[in-house]
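For the sequence shown, my numbering begins at 125 and goes up steadily by one.
Source of the hints: derived by calculation from the structure; they are not laboratory data.
Watch out, some of these pointers could steer you wrong.
[Stated by the list, open to error] Simulated DEER-style distance windows between Cβ atoms:
no., residue 1, residue 2, range
1, L458, G883, 26 to 36 Å
2, G694, D774, 37 to 47 Å
3, K157, G883, 56 to 66 Å
4, A554, A385, 38 to 48 Å
5, A231, E270, 22 to 32 Å
Just so you know, these numbers come straight off a predicted model, no measurement behind them.
Glycine included, C-beta positions come from ideal geometry on N, C-alpha and C.
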Amino acid sequence: MEIENKSYSAPVLPVPGTLLLPGTTIRLKDLSKTDIHRLQEDLFVAVPVRSESGRDTWKDTDFYNYGVTCMITSVEDSDATAVTLQRVQIVQMIGGRFPAAVYELAADQEDLDDRAVQDMLGYIRNLVKEISSRIRGGERIARIAEGYSDINQLITYLAQYMPLSAQERFELLEMDSVKERCLHFIDLLLRQKEMISLNLEMQEKLSGEASKYYKEQALRRQIQALKEELEETTGEADGDRDDSFGARIMASDMPEEIQEAMLEEARKLENQSQAGPETDNIRTYLEFALSLPWKKEPVQEADLDKAREILNSRHYGMDKVKERIVQHLAVMRLRKTNKGSALLLVGPPGTGKTSLGKSIAEALDRPYVRMSLGGVRDESEIRGHRRTYVGSMAGRVLQSMKKAGQTNPVMILDEVDKLMQGGFSGDPAAAMLEVLDPEQNDTFSDHYLDQPYDLSDVFFIATANSLDTIPGPLLDRMEVIEVPSYTGEEKFHIAHDHLIPEVLRDHGIEKDQLVITDSAIETLVDNYTMEAGCRGLKKRIATIARHESEKILKDGRVTVEAANLEEILGPVTARHEKVKDSNPAGVVTGLAWTAVGGEVLFIETTDMPGTNQMILTGQLGDVMKESARIALSLLKSRLPMDAALFKDRDLHIHFPAGATPKDGPSAGITIFTALASLVTGRPVSSHLAMTGEVSLSGNVLPIGGLREKLYGAQRAGITKVLIPWDNRQDLAEVPASVKEKLEIVPVRTVEDVLRETLGIALPPVTPFVNPNVSVTIL
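When you get a sec, could you build the whole thing from the sequences and use the hints?
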């Protein structure tokens with residue numbers, strides 16, 4: 125929750141479809157007056173977005189995590205020109221109509237001397253000349269490219285004429301090394317050159333084959349006429365000829381009613397002209413139907429010991445998740461049928477949800493197929509297109525079944541939470557209801573096949589990052605298994621046992637050629653990654669492998685220590701709050717849950733002359749503001765003190781890291797304790813932290829995210845933690861290595877909290893009785 129000294133904040137301009145590199149000029153079009161006003165005030169950050177189209181409101185997930193600082197140099201109507209200054213890494217993105225960001229400078233690694241830069245420029249210019257000679261208007265592009273002497277400016281100029289995806293443009297910006305950026309851009313240029321050459325060859329070939337095609341069509345019509353005349357002469361009937369489709373249909377394992385429908389299509393094919401367009405449509409349809417698996421697979425009992433062994437060997441930690449999966453397989457074994465199931469693995473990115481699906485497929489000895497649902501907005505992508513449309517084809521479900529080759533595969537439905545809302549093209553989420561409903565999916569209807577297909581033996585495993593965007597009816601059809609974020613210890617073992625060997629294999633490095641010490645891995649986890657999963661950690665390890673590859677070729681063996689990481693990866697990019705030696709009165713340490721794990725949160729309070737007002741700062745949400753009001757009311761009602769104490773004083777409660785939005789009720793007892801510490805003048809130990817919601821009656825209520833919060837406390841140097849009494853059962857999910865380093869104290873009421881923190885006891889509650897009110901007891 126800390127913003128380090130070298131962090132800055134600035135407004136953000138989303139930039140779709142443009143390559144951003146430092147030291148260049150960009151043209152900004154169709155800006156609103158509000159945008160121009162807020163961007164002209166000072167520096168702003170231009171950040172590439174994942175979508176090529178603009179929108180009114182932006183989410184933090186729409187943005188990539190690198191951008192460039194910019195300054196507007198001129199404005200003309202709704203257009204503006206800006207110069208890009210420095211490359212930055214986004215630490216915290218705040219979405220909305222007018223997004224903003226907290227960022228750190230990420231300067232380019234200037235690893236090319238002047239001679240190397242000139243060589244790179246010359247090579248790129250020569251490539252551009254070769255390419256420009258093959259495209260219309262290319263001479264002008266090559267001529268302008270000759271005038272650039274800055275490598276970033278040349279890359280930016282050329283990129284606008286290349287069909288680069290948003291991800292490819294971002295990769296150029298993300299690279300620290302100017303040398304790697306140049307080499308990567310040269311690869312893109314070479315790919316563009318090959319594509320243009322291939323297109324020219326195809327055009328020449330197609331123009332030559334066009335006349336050949338029409339000649340073949342004429343010959344086919346003549347052959348068909350001769351066949352018809354021969355039939356009239358010999359009396360040979362259509363049914364007497366060799367019917368390869370009919371034989372294949374009869375030999376297939378299709379249900380009888382579907383066989384009849386396919387045979388009818390085969391008879392239509394026989395009656396069609398060999399050159400007619402309908403002929404190809406029917407032939408393609410029959411080939412697809414015959415390529416689908418129809419045969420029911422024999423029942424295979426799941427080997428639970430094998431499943432547990434595979435899950436343990438492929439995935440470190442996640443004991444609860446693996447146990448839930450094994451239990452699910454045990455139920456399947458007890459049912460003694462192949463009837464499929466639908467699981468939903470939900471958790472942060474990079475936590476191994478998709479790879480868990482692969483392990484389940486291996487444990488069950490079934491085919492594995494993956495179907496990505498992210499961004500799907502057309503129902504036809506699930507159900508297929510009707511055959512009346514030109515270019516119609518089956519939907520993704522049946523295409524995946526064709527790929528699997530069996531009726532009982534393990535099918536991964538990736539990113540089911542990112543299905544787009546239905547519109548004029550239908551609702552893909554509604555189409556998925558039939559796929560996942562065990563009462564309906566034995567007669568799944570694909571628009572293209574137009575026949576019922578049995579999906580009941582398929583083991584569906586959906587993955588998602590959040591449950592919030594999954595429609596309720598779709599969520600009801602799946603058994604939810606939560607995949608939590610990894611702790612630092614788990615990341616260490618995953619890196620040591622899985623990621624490092626995998627990266628070494630990918631880079632052609634032997635195990636004994638590159639040794640990354642345990643201390644280096646721990647530093648990587650703590651200081652160079654801030655994520656729930658391990659994808660960023662793997663990228664950092666890959667960066668180390670690339671950096672040390674030249675030394676390996678030279679020396680044969682390289683050892684990377686923690687002290688070498690700053691030279692390889694640059695300055696530390698992830699910093700976590702650490703406990704201080706002592707806290708003054710009014711400052712208490714709380715615990716917060718974030719998307720990338722747990723953090724400690726310092727709550728600061730002070731008072732000043734005023735008019736009995738409470739000031740709240742730190743970009744707090746409504747729920748947290750209500751927690752502060754409850755804590756203050758509870759303090760006034762329970763702490764023995766003069767009621768006039770607050771009459772001429774104002775209270776100020778501040779949550780540091782003011783640029784980061786904060787919300788939730790779990791800081792209730794922390795706010796209450798901070799106010800009590802301020803009023804009594806007694807400091808709370810800096811090595812004690814707490815989390816819990818407080819009610820107006822003084823009860824401590826349960827909270828969520830305890831596992832992540834306790835890990836954040838242990839990492840920050842906390843030794844004692846107060847948790848709600850009703851969260852005791854959640855301690856079973858906390859790794860033993862974390863619990864061993866913490867004294868965890870469950871508390872029921874604020875009396876327990878103050879006894880543990882300030883060493884004071886609250887007097888019993890004295891109810892207020894109005895003497896003017898008389899009550900008759902019946």
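If any of the earlier hints don't hold here, list their numbers in rising order. Of the numbered hints given earlier, those the structure breaks are 1 and 4, listed in rising order.
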